[in-house]
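If you read the protein sequences in the order shown, they are chains G, E and F.
Using the UniProt record's numbering, you'd call the opening residue of the first sequence number 1 and step up by one each time.
Using the UniProt record's numbering, you'd call the opening residue of the second sequence number 1 and step up by one each time.
Using the UniProt record's numbering, you'd call the opening residue of the third sequence number 1 and step up by one each time.
In short, the hints are calculated from the structure, not lab data.
We treat Cβ as the ideally placed atom computed from N, Cα and C, and that holds for glycine.
Treat each hint with caution, since some may be false.
[What the hints assert, rightly or not] Counterexamples of contact, computed for chain E against chain G with all Cβ distances above 12 Å: (1) Thr29; (2) Glu50; (3) Val57; (4) Gly117; (5) Lys120; (6) Glu159; (7) Asp191; (8) Lys205; (9) Ala222; (10) Leu226; (11) Lys258; (12) Lys291; (13) Ala298; (14) Ile330.
[As the list claims (entries may be wrong)] Some chain F residues flagged as far from chain G (calculated, every beta-carbon gap over 12 Å): (15) Phe10; (16) Asn28; (17) Gly59; (18) His91; (19) Ala101; (20) Tyr106; (21) Glu117; (22) Leu131; (23) Asp166; (24) Glu178; (25) Leu187; (26) Asn232; (27) Val251; (28) Pro331.
[Unchecked claim] PhoX-like mimics (lysine-lysine), calculated; alpha carbons at most 25 Å apart, straight line: (29) Lys82(F) with Lys94(G); (30) Lys41(G) with Lys98(E); (31) Lys205(E) with Lys234(G); (32) Lys68(E) with Lys41(G); (33) Lys201(E) with Lys234(G); (34) Lys68(E) with Lys127(E); (35) Lys82(F) with Lys276(G); (36) Lys170(E) with Lys41(G); (37) Lys210(E) with Lys170(E); (38) Lys210(E) with Lys234(G).
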Amino acid sequence: MKLGNSSKLGLLLLMAPLLIWLFALILLPHVDMFFLSIREKVAPRVYQTSMANYMEFFNEPLYWNTFARTAVMSILTTAITLLIAFPISYYIAKMLKGRMKAFLFVLCLLPFWVSELVRTFGWMILLRETGIVSSTLQWMGVVDGPIEFLYTDATILVGLVYSSMLFMVVPLVSTLESLDDSYIEAGYDLGGNGFTVLREVVIPHAMPGIVSGCIVVFMLSLGNYLTPVLLGGKDSLWFTEQIYAQFITRFNWEQGAAFGFLLLILSSLIVWAGLKLSRQTLSETMG
Amino acid sequence: MLKQKLKMVTGLLVGASVLGLSGAANAETLRLLTWGGYAPENVIELFQKETGIEVEVTKSNNEDMISKLRATGGSGFDLAQPSQDRIAGAQFEHEIYKPIDLSKINADLFIASMMDGTKKNTTVDGKVYGVPHIWGTSGLIVNRKEAGSIADYTDLCSEAVAGKVSYRLKRPTLIGFAFSMGMDPFAAYDDTAKYSEIMGKVEEKLIDCKSNVKSYWSGGDALMNLIRSGEVTAAMAWDTGGWKLNQENADVTFVAPKSGALGWIDTFALPAKTKNEEAAYKWINFVMQPKIAAMITASAGNFTASKGADEFAEPALKKQFQDSFPPEAIDNIKWYPPVPAGLEDIEGKVLDRVKAAQSN
Amino acid sequence: MANGADVSEFDLECSNLTKRFGGFTAVNNISFNIPNGSFFSILGPSGCGKTTLLRMLAGFLEPDEGDIRIKNRSMLGVPPNKRPVNMVFQHLALFPMMTVAENIAYGLKRQGVPKAEIAVKVQSALDRINLPDAGPKRVDQLSGGQKQRIAIARCLVLDPDVLLLDEPLGALDLKLREHMKVELKQLQSQFGTTFVYITHDQSEALVMSDQVAVMNNGVFEQVGDPQDLYYNPKTAFVAGFVGDTNRWKGVVKATSGSEVQVATDDGLTLTATGIGQGCKTGDAVDIFVRPESVALSRSADALSGMENRLAGQVKNVLFNGANSRILVQDPTNGGEIMVTLPQTGEFNDLRAGQDLHLGWKLSQAKCFAQEAGKASGAEVA
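Next comes chain G alone, as it looks inside the complex:
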């Protein structure tokens, strides 16, 4: 009994830093944000409790559309990232051995040694009207005048896919590496072709990696700010941009906090729907 108590205390002490961290850095700010979000400004310095900030999101098509657009673009980013990352991961995990494997893996990692801002500026240097791609095309005689590649939705997608790649490749490589070659060989041996082995053996095995990669990429894209704003230009229209604008340029913290919560809730809903659709559970994916 005595031992039980002291070991309980020990556990509590052991967990204390984690609990304090969770409480002080995650829970507390959210509680604060929540109270902020249900405060309606009725006049300067006069506030009352109401859901008006939340209603604003649904009543003003502008915000609702922005969110829908952000979500659709993020889903697209996730899908494209998966399509590109899967063959790369398969190649790294299954086709390569030894140093070449480590080399390619580091190559995927390399862009992340510089900050996101620098990476995005890199894309801007490449794609702007007087940039490298445009000048090269002109020099080759493919086009007559300069072409602006920046400030389109496609550019935003390129930037997002690029900055998401690692977060898809890492979980995919690790799940694919855990797939013993003999399963793939058995898949062929029993009459399967490349496509059926991929569908029946490789993808089901990699599913936890696919799902966790997709969740991470989706959330990162949804929450990204720099890439859409810098590459999207005048039409970027990203939901985080709205939150930023409410907080920083409009001083409307109440609205910003409500948008923040809506982002949290709606993105969780989308992830939940995605898990349901792919018949995966979060514990399976993360466990």
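Here the structure of chain G is known, so what remains is to put chains E and F in place on it, guided by the hints.
Frame of chain G, contents of chains E and F only:
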């Protein structure tokens, strides 16, 4: 034995770190929240030599200053430099500033008319919250060779410069377009309904104009790059940016729009919880000396409210100013009156809708 | 189905198969035929090339030279999924994300068999391996032996001409392994499919196989039925690898017909039957004597009819019921000999330290030329 030693070492370490901390606290610092170029290295050095006070500079802009000070309830900085029109509203709503003790300011160093104007505009409940420092205008930066026809804000929407235009999605753009469209937004500041109507018209114009825009700029450097590369030939921006570019490319310069450049004055204001008020006053009186003010002008590109500093200003800068501002243009400058609380909510919505509108 | 004229008595024919990896020849010019419906084992130490050979049969590797014919049809250039061959993998490779029934149905689905028919075939396969209710189970709910049977059923349901097995018993514990040996043999005769089984465990090969090929350094040392390999090894490697044996190294002193006089390195003079070409006077040779060929006696006289006689001291009694053995030490040179304890009751009271006489006949001692290079495997230690 070992334990004792350990104790001693720990004690020493703790003692040393406490000493170190207090040592750091002893060296007086002034935490300055300001704009790029307003506190150049050479001025900071001179100030430290004279007073022994270190200056910590945080570069910012109007919205960011209010956000930062609002987040902390007015602490974290000892002196801020918001524009004069953005003080009263923010103070009324968020109480982030502290009244200025005018007796501690050497009024003789200031151009009297500017001092009076600023005092008037930054007065809330009978207390003064700001004194002037640097003033300038925003208008148009134009590449005269490529976009010579651009003489007013609304010209940015003309076919001649399609796809080669940039401006900010911020309130100066709304105000500028309103004037350019023949309306007077400043006169409507106290009439919310009228102001909303004006903004509605501006919104329509800006959405219409969106297809002409290459990108909405947000950082001065990004805009300068766009103009340097020729991707943008006409933009709405600050005068100093135009003059700087003019030194590199004579075709590019600042143009005061027909409907009037927008005049702003950046001030000194004390954050509500400033920790080193004395140092703040020392800094104000130091940088307003004509010679120091001229050094700041050289760095920021804009002129100061310091009396007699013109004498020390670089001739090239004066020449550029005179080129951009013939006497009638100076008279035509629209000085920002203080923004009443609440107006920015209306403007915010307009800006959101312009941003969200699809061009073409 | 192949037409009548093509029908061969061999399910699998390999001729001059060679596979090289860089400068290393893993399989060196091997030819063999496997009769229809037989259990054929390839026995060899790890690294002997047996896995490479099996993977060529399955189609995962292409031979550099030679031909593989299954039911008289060349398999060169035929991918694994098009070969009438299936493989049971070392770790079985049952798909963990599918149920047992889905695992068995996998190959049938790939063949485009109608759904209803698949269900019937899967159930009948499960019945035949005595796991009729296992269909809806997940793979990780099965025991080791059950998994084994499912893996075989998954292949056999496709009715392959040849079933390849890559040491599938390796992961099982000893008792289950003994049991599965019998079961595998039964399954094979029940289905009548040709099995090609590779292993490094001589007991698996001997118990189950109709034919065993002993493989070493990329070549077949000897192919034959288990008794043949055990009693009439053709090479020193086979003699040492198949079954337990005592071994002496030595030099031939004199020969007379097939009888060879050998002076061993530890100072004995032994008489043995020379096998093959390498036992001429002066040759370095190995002599092999199986533990069960050595006669024991407490008196020297009883062994007078034996060509080889030794006296020694019991060092250890390794009691294991019917498989009991003793370790006898030669006091003069310290050499040890393993002898099977006869189950006549005569030596039931034998204890360490007692003196004994040993003897064996000329015909039981086999003399081979010493292998150049590598030492052979399963020596009595």
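Now for the hints, and whether the structure bears them out:
{"no.": "1", "hint": "Thr29", "in the structure": "holds, 26 Å"}
{"no.": "2", "hint": "Glu50", "in the structure": "holds, 36 Å"}
{"no.": "3", "hint": "Val57", "in the structure": "holds, 20 Å"}
{"no.": "4", "hint": "Gly117", "in the structure": "holds, 24 Å"}
{"no.": "5", "hint": "Lys120", "in the structure": "holds, 21 Å"}
{"no.": "6", "hint": "Glu159", "in the structure": "holds, 17 Å"}
{"no.": "7", "hint": "Asp191", "in the structure": "holds, 16 Å"}
{"no.": "8", "hint": "Lys205", "in the structure": "holds, 15 Å"}
{"no.": "9", "hint": "Ala222", "in the structure": "violated, 9 Å"}
{"no.": "10", "hint": "Leu226", "in the structure": "violated, 9 Å"}
{"no.": "11", "hint": "Lys258", "in the structure": "holds, 25 Å"}
{"no.": "12", "hint": "Lys291", "in the structure": "holds, 37 Å"}
{"no.": "13", "hint": "Ala298", "in the structure": "holds, 29 Å"}
{"no.": "14", "hint": "Ile330", "in the structure": "holds, 30 Å"}
{"no.": "15", "hint": "Phe10", "in the structure": "holds, 22 Å"}
{"no.": "16", "hint": "Asn28", "in the structure": "holds, 24 Å"}
{"no.": "17", "hint": "Gly59", "in the structure": "violated, 8 Å"}
{"no.": "18", "hint": "His91", "in the structure": "violated, 6 Å"}
{"no.": "19", "hint": "Ala101", "in the structure": "holds, 14 Å"}
{"no.": "20", "hint": "Tyr106", "in the structure": "violated, 6 Å"}
{"no.": "21", "hint": "Glu117", "in the structure": "holds, 15 Å"}
{"no.": "22", "hint": "Leu131", "in the structure": "holds, 19 Å"}
{"no.": "23", "hint": "Asp166", "in the structure": "violated, 9 Å"}
{"no.": "24", "hint": "Glu178", "in the structure": "holds, 25 Å"}
{"no.": "25", "hint": "Leu187", "in the structure": "holds, 18 Å"}
{"no.": "26", "hint": "Asn232", "in the structure": "holds, 37 Å"}
{"no.": "27", "hint": "Val251", "in the structure": "holds, 47 Å"}
{"no.": "28", "hint": "Pro331", "in the structure": "holds, 53 Å"}
{"no.": "29", "hint": "Lys82(F) with Lys94(G)", "in the structure": "holds, 23 Å"}
{"no.": "30", "hint": "Lys41(G) with Lys98(E)", "in the structure": "holds, 24 Å"}
{"no.": "31", "hint": "Lys205(E) with Lys234(G)", "in the structure": "holds, 15 Å"}
{"no.": "32", "hint": "Lys68(E) with Lys41(G)", "in the structure": "holds, 20 Å"}
{"no.": "33", "hint": "Lys201(E) with Lys234(G)", "in the structure": "holds, 20 Å"}
{"no.": "34", "hint": "Lys68(E) with Lys127(E)", "in the structure": "holds, 23 Å"}
{"no.": "35", "hint": "Lys82(F) with Lys276(G)", "in the structure": "violated, 37 Å"}
{"no.": "36", "hint": "Lys170(E) with Lys41(G)", "in the structure": "holds, 22 Å"}
{"no.": "37", "hint": "Lys210(E) with Lys170(E)", "in the structure": "holds, 14 Å"}
{"no.": "38", "hint": "Lys210(E) with Lys234(G)", "in the structure": "holds, 8 Å"}
Checked against the numbered hints given earlier, the structure breaks hints 9, 10, 17, 18, 20, 23 and 35 and satisfies all the rest.
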